[in-house]
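Asks: In case you want the letters, here they are:
2 protein chains.
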Amino acid sequence: MRVAVMTAPGRVEVEERPDPGIEKPTDAVIRLAATCVCGSDLWPYRGIEPLDGPRPMGHEYVGVVEEVGGEVTTVSPGDFVVGSFFASDNTCEICRAGYQSSCVRREAAAPGGAQADLMRVPLADGTLIATPGVPEPDLVPSLLAASDVLGTGWFGAVAAEVGPGKTVAVVGDGAVGLLAVLAARELGAERIIAMSRTPARQALARELGATDVLTERGDEGVAAVKDLTDGLGAHSVVEAVGTQESMMQALRATRPGGHMGFVGVAHEVSLSGMDVFFSHAHLHGGPAPVRQYLPDLVRRIWERRIDPGRVFDLELPLERAADAYRAMDERKSVKVLLRPRG
Amino acid sequence: MRVAVMTAPGRVEVEERPDPGIEKPTDAVIRLAATCVCGSDLWPYRGIEPLDGPRPMGHEYVGVVEEVGGEVTTVSPGDFVVGSFFASDNTCEICRAGYQSSCVRREAAAPGGAQADLMRVPLADGTLIATPGVPEPDLVPSLLAASDVLGTGWFGAVAAEVGPGKTVAVVGDGAVGLLAVLAARELGAERIIAMSRTPARQALARELGATDVLTERGDEGVAAVKDLTDGLGAHSVVEAVGTQESMMQALRATRPGGHMGFVGVAHEVSLSGMDVFFSHAHLHGGPAPVRQYLPDLVRRIWERRIDPGRVFDLELPLERAADAYRAMDERKSVKVLLRPRG
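Protein chains in written order, with the UniProt record's numbering: chain A, 1 to 342; chain B, 1 to 342.
Same shape as in the complex, but just chain A (with noise of 0.2 Å):
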C-alpha cells in the first residue's frame, strides 16, 4: 500500500509500504475513502515540531472495514466508519467522563499513518463509529472532517461554554477556528464573532455562521472584541491556533468570569500566572476528545443539518500529498482532501 512519509521538514514522499494487518485482537484494518492533512501536520513540516526519522503521516480517517481482530464486537467489515485521532478503549473511568483523548489505555490510532490507502486502528470499539449505511459522496469529506477538524472545533465551543445569549469569539481562521464557528452557531451562540483577515475565511466564517469578522490582531485584537461588548470581553473565547500571541489574545479577550477554551497545540507557549489569575477566565482545553462527539456529529451529519466538509477547499489524490502540504503551508488552502483511490 501507498502512504505519505515525511522524510525532513518540508519534504513529503509517499512510499509502498507492507499492508497492515490485525496484530491484536482489538485491532481493525480499514481501507480509507478519504483522508487529509491537518494543520499539526504543519508543525513539523515547517521544522517547529522535531522529527526522529521518517514518519508516515495523517491521524483524519474515513473508510470502510476490511479486516477485524477476534474481540473487536462493535463494527465488521463493509462498515464505514469514522474515528478519533486518539484510539480509546471508552470504557474507562476517563472515557466515560468524556475525555477519551486522554484514555488511560490511550495511543495512536494510526500507528502506521492514516494518508494512505489502508491502515490499521487500535481498540476498535472504543475508537470507531459506523454510519448508519454507505454515505453518499458528498457526505464523505464532512464525515471526514468529524474526525478531527469538526471534533475539534466542536470540543473548544463546549470547552468555552459556548451556548444561548452567549457572545463567542474564535482566534483562528484554520479549519479548526471555521467549524468552531459552525459549532457555536449549532450550540446557539447569540453573536459569534470570526478573527480573520483573508476575504476567502472571512466568508466561508460567515456562511458557518459568523456574525461578526475582525481583523485586527493581538491587543488590537482584544481592544475590538471589547468594542463590540460593552467593554467587557466575550462570554467564550475559542484559541485555534496555539502560538504564544494566539493564546494571550484569546485569554485577553475573554470577560472576567468568562470561559477560554483552547485547542492549538500550545508549542512554545508560556501563560505568566498573574496573567490567568486577573484574568479571572475559566481555561480548558487540550486534545479533544473526539470520540465522545461523534455519535451526536455524524448524526448531524448524515441528517444534512451541517456540512463541515466545506472547509476542504482543495482535493487531491494521494500520491499529490507533497502539493497538499505545500498549498496548506502556504496558506492557499485551508484543508486539502486527500483521495487514496485516486
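Treat the hints loosely; a few may be bogus.
[What the hints assert, rightly or not] Keeping only pairs whose Cα atoms sit at most 16 Å apart, straight-line, the calculated EDC-like set for lysine to aspartate or glutamate is: (1) A:Lys166 with B:Glu93; (2) A:Lys166 with A:Glu190; (3) B:Lys24 with B:Glu107; (4) B:Lys226 with A:Glu93; (5) B:Lys166 with A:Asp79; (6) A:Lys332 with A:Glu315; (7) B:Lys24 with B:Glu66; (8) A:Lys226 with A:Asp212; (9) A:Lys226 with B:Glu93; (10) B:Lys226 with B:Glu207; (11) B:Lys166 with B:Glu190; (12) A:Lys24 with A:Asp89.
Hints are computed from structural coordinates only; laboratory data are not their basis.
As the structure is a computational prediction, the values presented were derived from the model and not from experiment.
Chain A is already provided as a structure; the job is to place chain B on it using the hints.
Replies: Leaving out everything else, chain B in the frame of chain A:
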C-alpha cells in the same frame, strides 16, 4: 486613629493618622471590631512584592458602621457589617455574573488600611453585608474569616467544582487551604485530601473535614494523590499557595477532565502551554469574588453550622501588629486576629 503601616520589608509600625471620613456619597465608615493579617500581606513583608512607600495594611474586616454617605441605602450607622477586600457595585454585568472582584467599578475596599481603628469603605451598598444583629463575641472571628480567607477558600472549592462523589485535594495548609477543606466538606465532597507536613495544621485540617492527610510535596505529592485515586488524580484540586511548585503540583494532581481552582496569588509563576494543554484539566481561579458568597457564609456562621474562626490561633491587640506579622512570617501562627480595642 491608629493603623498598621508597612514602612519597609519586614517592618510594620502602628501609626496615628487622621480619622477617615465620608468622601463620596457611596462610602461608609466602619469602626473595626476585629481585623487580621493575610498571607498576601507577607509578600511585601518578605520583599517579594515591591513596596513603593509606606503602605497602610489590611483588607479583612468586621465592625460597626459609624457613618454613611447620602446614597447608601442597605447599611446604616449601628449595623454590624462584613465586607470583602474588593469594593464592588454589585450591579454591573460582571457582578451579576458572580465576579464582584472584577466589578467594572472595582477598587480596594480598604484604601486606608483595615488593620486600624476605623476604615472608609467605598461602594458600601455593593460591598458590605449587615449581620442579622450584633453577633455574640465568639462569632466575631468566624465573621472576620468570611471577609477573605473563608470566601477565598470557598471560591477555590467552587472553582475546582467540588461536589458530592468527588475526591478533592488541597495544596496549601494556610488559612485559605484549611478553609478550602471546610468548604469542600460543606459542598459535599466524598474524600478530602489535605497536603500538610505540620502536625497542628494536619490536626485542624482533619477537624475541618479532611479524610486524608499527605505530607509529600512536588512530584512525590502528585504520586501520592494518584496512589489514592486509582492512578488518575483527584477530580478537584484547590491550589492555595501561589508558587511555581504548588501550581504545578496542583495541575499534575488533577485528573484529565478534572478541575483545578487556584486562589494563591500566582507570584512568579509561569505555566507551560504544553503542560496545561495535555493536562486536560479545567483551570479557574483568581481574586475570590467573596461578595458573592457572603450572604450564604454569614448565614452558615450565624446558625453555627461552620466555625471558620478556628484558623485564628493567636489574638493580639492592634498595637502589636508587628508581632502578628512576625508570627505568621515564621509560620508560628496560621493566622493572627488583631483587636483594635485591645
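Asks: Assess, step by step, whether the Cα of A:Lys332 is no farther than 16 Å from the Cα of A:Glu315, and give holds or violated.
Replies: With Cα atoms ~13 Å apart, A:Lys332 and A:Glu315 stay inside 16 Å; holds.
Asks: Does B:Lys226 pair with A:Glu93 here, judged by a C-alpha cut-off of 16 Å?
Replies: holds (14 Å)
Asks: Run the distance test for B:Lys226 versus B:Glu207: straight-line Cα separation, threshold 16 Å.
Replies: violated (24 Å)
Asks: Starting from A:Lys226, check that the Cα of B:Glu93 is at most 16 Å away, please.
Replies: It holds: about 14 Å lies between the C-alpha atoms, which stays within 16 Å.
Asks: Below or equal to 16 Å on CA atoms is what counts here, so check A:Lys24 against A:Asp89.
Replies: Satisfied, since the Cα-Cα distance of roughly 14 Å is no more than 16 Å.
Asks: Sort out whether B:Glu93 lies within 16 Å of A:Lys166, counting only the CA atoms.
Replies: holds (13 Å)
Asks: Can you confirm whether the C-alpha distance between B:Lys166 and A:Asp79 stays at or below 16 Å?
Replies: Violated, because 40 Å separates the two Cα atoms, which is more than 16 Å.
Asks: Would the hint linking B:Lys24 and B:Glu66 be met if the CA-CA limit is 16 Å?
Replies: Distance of about 15 Å is within 16 Å: holds.
Asks: With a cut-off of 16 Å on the C-alpha distance, tell me whether A:Lys226 and A:Asp212 pass.
Replies: holds (13 Å)
Asks: Next pair to validate is B:Lys24 with B:Glu107; report whether the Cα-Cα distance is within 16 Å.
Replies: holds (13 Å)
Asks: Does the alpha-carbon distance linking B:Lys166 and B:Glu190 stay inside the 16 Å limit?
Replies: At roughly 5 Å apart (the allowed maximum being 16 Å), B:Glu190 and B:Lys166 satisfy the hint.
Asks: Does A:Glu190 sit within 16 Å of A:Lys166, going by the straight-line distance between their CA atoms?
Replies: holds (5 Å)
Hints 5 and 10 from the earlier list are contradicted by this structure; the remaining hints agree with it.
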